[in-house]
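Engineer: Here the protein sequences come in this chain order: A and B.
Just so we're aligned: 459 in the working numbering is position 454 of the first sequence, and the numbers increase by one with no gaps anywhere.
Just so we're aligned: 79 in the working numbering is position 36 of the second sequence, and the numbers increase by one with no gaps anywhere.
Among these hints, one or two may not hold up.
One-sided and incomplete, this derived list gives chain B residues near chain A with beta-carbon spacing under 10 Å [to be verified]:
1) 53
2) 60
3) 96
4) 110
Please keep in mind that the hints were generated in silico from the structure rather than gathered at the bench.
From the three backbone atoms N, C-alpha and C, an ideal C-beta is built for every residue, glycine too.
Below, each chain spelled out in residue letters.
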Amino acid sequence: MSGLTGRTVGEIRSLVASGEASAVEVCRAHLERARTLEPRVKAFRALLDEPALRDAERVDRERAEGRPAGPLAGVPIAVKDVLCVRGAPATCGSRILESHVPIYDATCVARLRGAGAVILGKTNMDEFAMGSSTENSAFEKTANPWALDRVPGGSSGGSAAAVAAREVPASLGTDTGGSIRQPAALCGVPGMKPTYGRVSRYGLVAFASSLDQVGPFGRTVEDLARVLQVIAGHDPADSTSARVDVPDYLAGLRRGASGLRIGVPAEYFKGGMDPEVDASVRSALRLAEGLGASLREISLPHTEYAIPTYYIIATAEASSNLARYDGVRYGHRAQGARQLGPMYVRTRTEGFGAEVKRRIMLGTYVLSSGYYDAYYLKGQRVRTLIRRDFEKAFETVDAILTPTTPTPAFRFGDKTDDPLAMYLSDIYTVTINLAGLPGISIPCGLTRERLPIGLQIIGRRFDEETVLRLAAALEGELKFHQHRPPLDGTP
Amino acid sequence: MAITRNEVLHLAKLAHLEFGEEEIDRFTRQISSILDYVARLNELDTSRIEPTASIESGSPALRDDALVPSIPRGDALANAPESDGVHFKVPKVIG
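Use the sequences and the hints to build the structure in full.
Structural biologist: Laid out in structure tokens, this is it:
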């Protein structure tokens, strides 16, 4: 059967559930497309051909036995290389974990499999999820499917590019300061960071534990709802995963935007934004109004302090989390050291890349004696102010709409020498990690150069429903799916 | 410079990392410019603001203190750079 790729999660699931296509056929079609495109896109660290086909055979066998099809039956899904898939290397984009093979599945991966999904491969990323362009991967640079000389964003650049290139209908990424939403915007696909605590972090290799969250990329907002439905919910293995009921996301998806009060924060529409991004997001705001939503200007006064706060808190947590890479229990060990202390130092010096070292150093500094109060504690106090800004705003609005990024995708090498310039590409996304809120990016237009532009919708804690509902309503009007990246010859 | 070369050398020691001369210079410069940028937080008076360490819903979920199977030893050692099948092996602690 032809035309199995380029479909949505829901379409594939119905094809497989009805028997029009087998999960194995779907899996082979996606593996074949990925193999054709990978030399140009390099979204994957590894395609899991044999285990994926085994997953697919199991789905077909269960169908033949008359068992009900799972909600993701036969759907190929790519997983960021920071998430553990038993038996498949999880490098986290780092030399220090180059040969690391997890001995268990992350909870989100186990839930995908339990729902009938086929784990097609592991996707490329910035080393330990630190970066905004995927250029910090120790292994390869992933290209943006819309312009192969540009970055896909990061750190989940591989997961975003794989969906944009239609190598998979959906993927999982992780988002600590924008690492799902920013690449989603740059690659022209929907991507969602759920509320902190909505999805278990068990089996997610930690970067900044109070900010990290797993979430989906998909072809459509409905795809995100379908994947989120499966991965959301409390997990006894992660004590920070919340005991909060998971609603039926699909049921709420088509309720339209009418009656929603949308906040437009003045601080997100100030200087530094590309004029084409500004125009595109403003035109989406008018569309929302046309759908019956009302717009209100709001203020999030501490927005300008979000990036400095983030780089204190995230680096502090990273320096602590990454202390575990010592060459003893897993990962790389430097050869030839005859004593333990020098072995640690040489292992870490050989294993980590420049950005990871820079952040470990910065995090060590802000936690060190004499600087803890001035930096780390100060950052935590400002985090409270940022959280309160949102609490106040959500007293009068149901959702907040902003640009996702100040600019479209930039060229390889444009920001690699200037860490601060790279950090600023997360200026509209880090605040919501600090506040623990859910956020989505959906494509809202193309620049004259045909580069995707993303808009971000932010919701109340655990109110993914409203975020998805507004995103689905706008998606229906924006009709971005008419555009395709130029990979297949025709635009 | 918000940070000195000597402080960077001290941090490297705390973080179990080693750098060449040129890298130390580059890190001193880059970390200084990041710290200068971070210093804008001092514009805010936060003396009466409680710190937020994490955004969690209520108290962390506690599980029952029940016995469950743990990771088999073979699996736990599977990724070790060096083991004797029972222990993780490391170089001498005291030389």
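Engineer: Determine for every hint whether it applies to the structure shown.
Structural biologist: Against the structure, the hints:
no. : hint : result
1   : 53   : holds (8 Å)
2   : 60   : holds (5 Å)
3   : 96   : holds (6 Å)
4   : 110  : violated (14 Å)
The structure fails hint 4 only (numbered hints given earlier).
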